[in-house]
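Those sequence lines, one after another, are chains A and B.
At position 162 of the first sequence (counting the first as 1) the number is 162 in full-length UniProt numbering, and the numbers step up by one without a gap.
At position 18 of the second sequence (counting the first as 1) the number is 18 in full-length UniProt numbering, and the numbers step up by one without a gap.
No lab work stands behind these hints: they were computed from the structure.
Quantities reported herein were computed from a predicted structural model and do not represent experimental measurements.
Don't take every hint at face value.
[Claimed, not checked] Straight-line distance between alpha carbons at most 20 angstroms, and here's what the computed PhoX-like set of lysine-lysine pairs gives:
#1 B:Lys139 with A:Lys49
#2 A:Lys116 with B:Lys139
#3 A:Lys116 with A:Lys49
#4 A:Lys198 with A:Lys84
#5 A:Lys51 with B:Lys139
[Claimed, not checked] Facing chain B, according to a computed beta carbon distance under 10 angstroms, are these residues of chain A, among others:
#6 Ala21
#7 Leu125
#8 Thr145
Positions of the beta carbon are idealized from the N, C-alpha and C atoms, including for glycine.
So the chains spell out like this:
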Amino acid sequence: MSTATSTETQDLAPVSAESLAALLVGGRRPPRPSALSASLTFGRRAMLKIKHVPEQLFDVTAFPIMMVLMYTYLFGGALAGSPKQYIQFLLPGILVMSVVMITMYTGVSVNTDIEKGVFDRFRTLPIWRPSTMVGYLLGDALRYTIASVVMLTVGLIIGYRPDGGVGGVLAGIALLVAFSFAFSWIWTMFGLLLRTEKSVMGVSMMVIFPLTFLSNVFVDPSTMPGWLQAFVNNSPITHLSSAVRGLMAGDWPAAEVGWSLGWAGLFVLVFGPVTMRLYNRK
Amino acid sequence: MSRHTNGLAIETAGLVKTFGETRAVDGVDLAVPAGTVYGVLGPNGAGKTTTVKMLATLLRPDGGEAHVFGLDVVREADEVRARVSLTGQYASVDEDLTGTENLVLLGRLLGHGKKAARVRSGQLLEAFGLTDAAGRQVKHYSGGMRRRIDIAASILSTPDLLFLDEPTTGLDPRSRNQVWDIVRAVVAQGTTVLLTTQYLDEADQLASRIAVIDHGRVIAEGTKGELKASVGAGSVHLRLRNAEQRPEAADVLRRTLDAQVQLEPDPVAVTARVGTATSGDAAEQAARALGELARAGITVDNFSLGQPSLDEVFLALTGHDTHTPKKDEVPA
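Just chain A, same shape as in the assembly (with noise of 0.2 angstroms):
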């Protein structure tokens, strides 16, 4: 190893003092960039990181298309009386259940990047200070994407036909995928916050499966007892799960759709200042 290192230190290059005297003299810094380039910029450094480790998208390929299989066949003949049938129902809201659930690798990713040193470059740029954390979402915006499509194709194949066509399924996407954006700041959050990945992964677990199975995902709330309806109807992944189901089913429930934003923007409102506030201190 130590052989390797000097051997490839030696057929170095040497540095060159008058080009890069040149250089230092003609570079003077620009005008900082804008928020929007400077968080597009951070949105391409995700992008250029799934180009060099695909193994990554591994979580919005192989993990959704398992989701919608097993549930699809696990209790499509028990509660609808076949899996064809059940899939009309179930496939919106296993869409919102995965996508929600892969939110959480937004926290990891993050945390893992505060053990290295690029954090503090960073941190060190005169730039719009959010603009870092909204280019890690940005990434996960086009995450989130792929999973929604990987979904909606197998559904497809084994028999989801959506009523609303072409842009009642593209609107419930956009919706989840901008729902999805704003609750990923909770993970942000708790990346800045966590000291270590695995603690990360722990809380996300705890929050992401209560929320996610006490919703209207798998069955009707209404065999439930009043406690868990008080719950799983006010939550907002019933919410959002109705509102997507309503767009691809073709109807327009502007009610549901209100709601999801509306939770959407308490979350970017709540957990966007706080990401900062930990991200300015750390």
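With the hints as your guide, set chain B onto chain A.
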């Protein structure tokens, strides 16, 4: 410049940072003249990195004040960021990305257009001898290459002040010399450099003024000349043939050099400090000491004249070496 800065790039007064019970930085006063290399010398855990992080707006001081080009590092953090760059102890680039991708990304974040960022990255990679590695992920770079890409990232836009936190720790001598050349080129173009290091010779090679820091405090500060006058320009290291002759040898050295003499753990080794302000030229003194030893019939197997080590500097300045905790400190 509208602000009154007294020609100082950095000015701190009573800077404090505590982590729980530990006072990592305990009242640091610095005055760094613009356009020079300023060395901050100290052992691990002395508070060097914490100080740099506060000056680079990464950490908020718990007490005292710090100004960079007259700008307050807390209240005017954004303006400070526009004028500084930091190369941290660990590679401050994204290891998953290639050299080019890293530099283009940072170029864009500094406000360069797409094309300008590409051109500038290409030029920097070439100047740093990294053109061949430009398309490789940084995680496959050697230590020396990482340092280079790291410094290249810091001067994408020429900063007015560059922080280099232990830039050569862990590098082989050749890569180390190359980093020194880069630092000289950067400062020659008018950038102020604050360099932290554990190595006295590094500070000696590059810095015009040096602050020695220990337990979060500045224990000595001055030009290289002033610092050397207080610790001595160098040390004579002797290894004797017979351990029994060591006390006698120590006596001879003390008499001829009028200097502090230290008996090393090795029973045949002696070290004497030479070249202090009171005792004169180091080489001439060393020669005289050798002659006196021969006259006294003491056989010297090995003789060397070197710069004092950081340990010796600390011994001279504080009376304890870098590893010994202070008396009031509870051992962990």
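Hint by hint, work out which the structure violates, then give me just those numbers in ascending order.
Going through the list in order, the structure violates hints 4 and 8 and respects the others.
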